[in-house]
Amino acid sequence: ESGNELFAVSGRIVNPTSEEQKIPDIQAELRDAKGQLVYGWTITPPQRTLEARGSIEFNAAEVNVPRNALRLTISF
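Numbering of the sequence shown is given in our numbering, commencing with residue 26 and proceeding in unit increments.
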């Protein structure tokens with residue numbers, strides 16, 4: 026065992042439209058109790074386009090994120 030802590034994120038991207046859509050990089054941010062950014066990273070989506078009315082799951086993991094991180098924000 027390495028002693029490192031693993032922070033895992035998973036989610037689903039949904040295309041509710043009737044047209045294929047491009048999927049940009051996903052921005053992940055961790056904030057502390059005061060709302061200050063303490064860690065951020067980019068998640069590459071598993072594919073770059075999503076068919077009409079389709080959905081896809083994404084997964085990512087980071088090691089050694091700051092222990093004072095309390096809130097996760099995901100955006101495009």
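Be aware that one or more of the hints could be misleading.
What the hints assert, rightly or not - Estimated spans, in silico, between C-beta atoms of each pair: (1) Glu44 with Val88: 35 to 43 Å; (2) Arg37 with Trp66: 17 to 25 Å; (3) Leu31 with Ala58: 33 to 41 Å; (4) Arg92 with Pro49: 16 to 24 Å; (5) Ser35 with Pro91: 19 to 27 Å; (6) Ile81 with Lys59: 14 to 22 Å; (7) Ala77 with Asp57: 33 to 41 Å.
Treat the hints as calculated values from the structure; they're not laboratory data.
No residue lacks a Cβ here, since even glycine has one placed at the ideal position from N, Cα and C.
Item checked: Violations among the numbered hints -> Those not satisfied are hints 3, 4, 6.
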